[in-house]
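Trainee: Single-letter residue listing:
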Amino acid sequence: MTGFLQQAITGLMIGSLYALVAASIVLVYKATHVVSLAHGQLVAFGALFFWLFLGGLGLPFWMGLIPAFFLTALIGLLIERLTLRPLIGQPLIAAFLMTFAIFIALEGVFVLYLKGQTRALPTFLPEGNLDISGLSIPINQLISFFVAILLFAAVSLIFKYTKLGLGMRATAEDHRLAQSTGITVRNIFSYIWILSAVVAAIAGIATANVMDIYYMLPYIGINGLIVAICGGLDSLLGALVVGLLLGVVENVGAAYLDPIVGGGVKDVVGYVVLLLVLLIKPYGLFGLVRIERI
Amino acid sequence: MLTLNNIEVIYSDVILVLKGVSLSVEEGNIVALLGANGAGKSTALKAMSGLLKTELGEVTDGSIEFEGTKIDRKSPEEIVKMGIVQVMEGRPLFEQLTVEENIKVGAYSRNDTDTIKRDMEDVYQYFPILARMRHRVSGYLSGGERQMLVMGRGLMARPKLMLLDEPSLGLSPALVKEIFRIIELINKEQNTSILVVEQNAFVALSISDHAYVMENGRIVLDGPSSKLKENEDIKEFYLGLSQVGKRKSYKDVKHYKRRKRWLS
Ligand SMILES: Nc1ncnc2c1ncn2[C@@H]1O[C@H](COP(=O)(O)OP(=O)(O)OP(=O)(O)O)[C@@H](O)[C@H]1O
Ligand SMILES: [Mg+2]
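So the protein lines, in turn, are chains C and V.
Take any residue in the first sequence, count from 1 to its spot, add 690: that is its number in my numbering.
Take any residue in the second sequence, count from 1 to its spot, add 1386: that is its number in my numbering.
No lab work stands behind these hints, which were simulated from the structure alone.
Incorrect hints may appear among the rest.
Negatives, chain V to chain C, calculated, CB over 12 Å [as the list claims (entries may be wrong)]:
id	residue
1	THR1455
2	ALA1493
3	SER1495
Below, in silico cross-link-like pairs of lysine-lysine (DSS-like), each with a Cα-Cα straight-line distance of 30 Å or less [unchecked claim]:
id	chain 1	residue 1	chain 2	residue 2
4	C	LYS853	V	LYS1439
5	C	LYS853	V	LYS1546
6	V	LYS1467	C	LYS853
7	V	LYS1490	C	LYS853
8	C	LYS853	V	LYS1460
9	V	LYS1563	V	LYS1405
10	V	LYS1405	V	LYS1490
11	C	LYS853	V	LYS1503
12	V	LYS1456	V	LYS1546
13	V	LYS1467	V	LYS1439
14	V	LYS1563	V	LYS1621
15	V	LYS1613	V	LYS1546
16	C	LYS850	V	LYS1490
17	C	LYS850	V	LYS1503
18	V	LYS1467	C	LYS850
19	V	LYS1490	V	LYS1546
Per the computed footprint, the stretches of chain V lying under chain C, defined by three or more beta-carbons under 8 Å from a beta-carbon of chain C, are [as the list claims (entries may be wrong)]:
id	region
20	1411-1420
21	1458-1468
If you're wondering where the values come from, they're calculated on a predicted model, not measured in any experiment.
By construction, the Cβ of each residue, glycine as well, lies at the ideal position given by its N, Cα and C atoms.
Given only the sequences and the hints, what does the whole structure look like? Please build it.
Mentor: Quick look at the structure:
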């Protein structure tokens, strides 16, 4: 039993990372209805920038964090300005394909910079383990877990209760109608890409906290996308719940099934979950049901 | 306060829809814009509110002035800030938002939090039904409730001029009367000038000070509403009355159109 719980808790910690990546994707969808494939790169570059300032330049935590946010947000803003804004009003598939192209382009830069090597972040969170009745949780992961939860709460509150959040929800529903009420839709697009890039950077830094930065890091975007879709694409709560769930299922599944099938369970579980969820609930677990009146 | 100077509107660079339309709205007035389906009424409103650009439409000739400023190149959100709000045809809502959130979005261009609260109470005074449904998701409202909500949302921008596109569409006669009573009330109490596009010529002429009749992208008739109400052509073709109180046949309608084209 303790073994199972230990695996589940470790899964929760990993799941919070998936949830964060998914959240950054959900944010963009919520305000613009664009499904972004580019976010895996934002996550990776967020981590890389942080490493540059901390590991590369040896700056203290905050002095690394702020510029890392800033630079990742800048990439997000540039993606929006240069590639997506011209596509406003075009079919959404055009924007979707564009984000794929951006993923490929940034992938090139990322791989070129790493040259097959890995980068490890210096420790920036307290070390040690929290031991409760036989379970052991690394304190740095626990901190990152709670940061993720707090971030979810904060972003949800922004969407639900602030004027900007209202503007974003309105814009997501109908660009033209939003404009007719005085919302500057272009600005909403910029703000959401900045916000979502910062969330992606946090996800990247939290991920680099538990594993080295290497060429596969951007592909955590795929996990994020799976989580976002299963959660309903426009639901932050969905992203959180499904993210945590996927982390747990992956980890527990790997612990119990890997010895039987000989490994690799982690890599498949995500797709199996996606398939099952979409078979049962096509709009995702927490997706908005489309309002249809006759 | 608002003047259209011989404007020409083209969609997608080829479809000529407005062929030289001039009209004006005086401050404090209610003005009616009548005309058959496809005459270009909505297009004229969209030209004023800047929404034309979102549909690949463009004002290619003439000018639109609001309080002395040319507005035909301005964006919809700038025009809302200047004081013109269009309540679009078909009563589009933010369906996933609640009634109250829809109303709040209407005030997006403003920053005066206290007065926004007060204006919201005003809206609920005009439309008490909305107050009772404030936390309901708006996508499920009935046609009449939707009409009230889109007008309430429009009011929240504190417009100097409100453009209403077919507020009576598909509503029961009693509700039409009620909506137009409130339009008059808003005009008086909020000092909001109103330009209303209508198929229901009778109510529109009853509450308006001045009216224009549009056909095929041109204004073919205009004058004080009380005068137009007595005009024989209007009586026949918009109020459905002929001299002897019967509907005219289609043949006569065509004849009328031919005559009109000749005149314009
Ligand atoms: N976006 C567009 N692109 C091309 N043509 C358009 C567009 N919008 C309107 N039209 C055309 O312009 C003409 C006038 O349309 P408009 O909507 O202004 O008419 P209307 O007077 O409001 O009619 P109704 O009473 O039916 O609402 C119509 O022939 C219509 O097909
Ligand atoms: Mg129309």
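Trainee: Each hint: holds or not?
Mentor: Now the hints, each set against the structure:
With a least CB separation of 17 Å from chain C, THR1455/V remains clear of the 12 Å interface cut-off, as annotated. The beta carbon of ALA1493/V sits about 8 Å from the closest Cβ of chain C, which is not more than 12 Å, so the claim that it is off the interface is violated. Interface exclusion of SER1495/V from chain C breaks down, the closest Cβ pair being 3 Å apart, not more than 12 Å. Pair hint LYS853/C plus LYS1439/V holds up; C-alpha atoms about 26 Å apart against a cutoff of 30 Å.
Proposed proximity of LYS853/C and LYS1546/V is supported: the alpha carbons are some 23 Å apart, at most 30 Å. With a C-alpha separation of about 17 Å, the suggested pairing of LYS1467/V with LYS853/C holds against the 30 Å cut-off. As the CA atoms of LYS1490/V and LYS853/C are separated by approximately 9 Å, the hinted pair is consistent with the 30 Å bound. Straight-line distance between C-alpha atoms of LYS853/C and LYS1460/V comes to about 24 Å, which keeps the hinted pair within the 30 Å bound.
Distance hint between LYS1563/V and LYS1405/V is unfulfilled; the C-alpha atoms sit about 33 Å from each other, more than 30 Å. Proximity of LYS1405/V to LYS1490/V is assessed by CA-CA distance (about 38 Å); at most 30 Å being required, the pair is judged violated. Between LYS853/C and LYS1503/V, the direct Cα distance comes to roughly 14 Å. Compliance with the 30 Å bound is thereby established for this hinted pair. Pair hint LYS1456/V plus LYS1546/V holds up; C-alpha atoms about 16 Å apart against a cutoff of 30 Å.
Proximity of LYS1467/V to LYS1439/V is assessed by CA-CA distance (about 17 Å); at most 30 Å being required, the pair is judged to hold. Of the pairs offered as hints, the one joining LYS1563/V and LYS1621/V holds, with about 20 Å between alpha carbons and a cut-off of 30 Å not exceeded. For the hint pairing LYS1613/V with LYS1546/V, the CA-to-CA distance comes to about 26 Å; that is within 30 Å, so the pair holds. Restraint check: the Cα-Cα separation between LYS850/C and LYS1490/V comes to about 13 Å, which is no more than 30 Å; the hinted pair holds.
A distance of roughly 18 Å separates the Cα atoms of LYS850/C and LYS1503/V; the hinted pair therefore holds under the 30 Å criterion. For the hint linking LYS1467/V to LYS850/C, the alpha-carbon distance of about 25 Å falls within 30 Å, and the restraint holds. Between LYS1490/V and LYS1546/V the alpha-carbon distance is near 18 Å, which keeps this suggested pair within the 30 Å criterion. Proximity of the region 1411-1420 of chain V to chain C, defined as three or more residues with a beta carbon under 8 Å from a beta carbon of that chain, is not established by the 0 residues found.
Counting residues of the region 1458-1468 of chain V whose beta carbon lies closer than 8 Å to any beta carbon of chain C gives 5, which meets the minimum of three for the stated coverage.
Going down the numbered hints, you'll see the structure goes against 2, 3, 9, 10, 20, while the others check out.
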